[in-house]
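2 protein chains.
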Amino acid sequence: MKAFVTGAAGFIGSNLVDRLVSQGHDVIGYDNLSTGIEKNLDGASASGRFRLVRADVLDLDTLTRSVEGCDTVFHLAANADVRFGTEHPRRDLEQNTIATWNVLEAMRRGGVKRIAFSSTGSVYGEPEIFPTPENAPFPIQTSLYGASKLASEAMIQAYAEGFGMRGFIFRFVSLLGERYSHGHVIDFYRQLREHPDGLHILGDGRQRKSYLYVQDCISAVLLALDKAPDQPTNIFNLGTDEYCEVKDSAGWIAARLGVSPEFTYAGGKRGWIGDSPFIFLDTSRIKALGWKPTLTIRQSVENTVEYLMRL
Amino acid sequence: MKAFVTGAAGFIGSNLVDRLVSQGHDVIGYDNLSTGIEKNLDGASASGRFRLVRADVLDLDTLTRSVEGCDTVFHLAANADVRFGTEHPRRDLEQNTIATWNVLEAMRRGGVKRIAFSSTGSVYGEPEIFPTPENAPFPIQTSLYGASKLASEAMIQAYAEGFGMRGFIFRFVSLLGERYSHGHVIDFYRQLREHPDGLHILGDGRQRKSYLYVQDCISAVLLALDKAPDQPTNIFNLGTDEYCEVKDSAGWIAARLGVSPEFTYAGGKRGWIGDSPFIFLDTSRIKALGWKPTLTIRQSVENTVEYLMRL
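Protein chains in written order, with the numbering used here: chain Z, 1 to 311; chain G, 1 to 311.
To be clear, the hints were calculated from the coordinates, so they are not data collected in a lab. It is possible that part of the hints are untrue.
[What the hints assert, rightly or not] Distance ranges between label pairs, derived from CB positions: (1) Ser260/Z <-> Lys2/G: 21 to 31 Å; (2) Trp272/G <-> Arg193/Z: 55 to 65 Å; (3) Phe263/G <-> Asp241/Z: 37 to 47 Å; (4) Gly198/Z <-> Ser284/G: 44 to 54 Å; (5) Gly258/Z <-> Gly69/G: 29 to 39 Å.
All values derive from a computational prediction rather than experimental measurement. The C-beta atom is built at its ideal place from N, Cα and C for all residues, glycine as well.
Pulled out of the complex, with its shape left as it was, chain Z reads as follows (with noise of 0.2 Å):
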């Protein structure tokens, strides 16, 4: 494969690319570097298969040339900042679906046919059904960011049929491990580092959420490529089995951590504007082709907390 990764610096972009280059193939990545660091790309740059283009996805023209002659377009570049969402009412619009449609386009002019977009949970706004399957009913968004990723989906799945384009669309739960930076197992643990005697917790720390660890994302991923039918568009649920509320994961994190902090709630069902207070995936339909996850989530989580403590 020749691969093309949108935000390759980030955190499961530098992993799918390190994954990528130790299969073999060709990565080029594309980064504008305003979140994604440099760094995580030091074993892929030492491969001699892979290359970094430092530039932004709103650049059509560069981003039209760099994926040129590429067979596969991984989309991650993305604001993945939900709880701010309505801070800045604007960036979701421009660097979730603006940012798709340049990359769809890209690839229209570039004769590119196949992409793998991470969207998210989040599209399923606030769920009735537990765990939430990929035809569950036609949903009412809650957040700018599940707005602009659905909207991502969208332009995805008309591409796919009006261009002869597949796409490949992975709604995640949030992600856990290496090169993790940001979510609340960062927040946590910052604040624990600081104060290990109290944690505040937004929400009444009851809200449901499932996890998954970011190599058995990639891992599904890359089946999904090779393995799913061949239909314009193929859209997957990935997360594990499992929920937890987030106070649990707070005690995990705590008992990794080696502290006793007294918790404090905010209070409310929900952290921030557009959070779900419950997030649990049906993940037969990946299931059914053969994936499943190594990890589960308390040890997502302590594989994370274990990571940010070596950094």
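Model the placement of chain G on the given structure of chain Z, informed by the hints.
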């Protein structure tokens, strides 16, 4: 009500403006007159309760200044050209998705809290359930137009949730009636006026479609604003309790014109890329509020032909 109508000079917009003015509401219209026709607004202008702003929805500053002081936005401005989407793939992104974001952002800045949006049954893609309800299984988009309307819906929902607005989303079938300006009735009408002996039909003519009279649509929209439950997002399908085949409609048009053409077919289940072979919406939700259409599909088609004959 102090109403703001984007796309005010268009088919649906100008009929809506007339209705609102006739009910005693103050109305500001907003239209760049790229496809809208100023003459459609002559009656409204004469009423003294209507004012037109000639500007583009992509001009956020003018939009923001213009919307201030209104309480309800009817966002109808759009690229409504489903059929040629793949010939200009940026148009739906710009004129539908980004334009809707602009409208929402202008409302947020101007403190306007209520929006009614003209979405489309096309957001169901090629559904498996007929008539298709609002909570049909999570669809896959088959056209750039449908994708851009879904993106718009999603942003409206997220703005409603995040900024305390109320969003009313109406998924229309195709509309017919006075000031109708594009679609199969006009195509067939023009063909038959020029060559009464033959009519060429895209697809196999067996595509099953539902149509709604524009006045019935407007009644439904205004009823929903008045009677819908007090929640951030309300979604309503709008259509009739019946469908016809494209060749039935062709027959009614020919009969009304008094001609007997030979039909020829391009063939295939779809008229064009992204055409849905079967559109038939479940309208129980709006009917539960007390609405029903006054014209059948055949009456709407005939009414539209008569309107075209009067031009």
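Cross-check of the supplied hints:
1. Ser260/Z <-> Lys2/G: 21 to 31 Å: violated, 59 Å
2. Trp272/G <-> Arg193/Z: 55 to 65 Å: The hint (55 to 65 Å, Cβ to Cβ) holds, given that Trp272/G and Arg193/Z are roughly 60 Å apart.
3. Phe263/G <-> Asp241/Z: 37 to 47 Å: Cβ of Phe263/G to Cβ of Asp241/Z: about 56 Å, so the range 37 to 47 Å is violated.
4. Gly198/Z <-> Ser284/G: 44 to 54 Å: holds, 52 Å
5. Gly258/Z <-> Gly69/G: 29 to 39 Å: Violated: the Cβ-Cβ distance is about 60 Å, outside 29 to 39 Å.
Violated hints, listed in ascending order, are 1, 3 and 5; each of the other numbered hints is respected by the structure.
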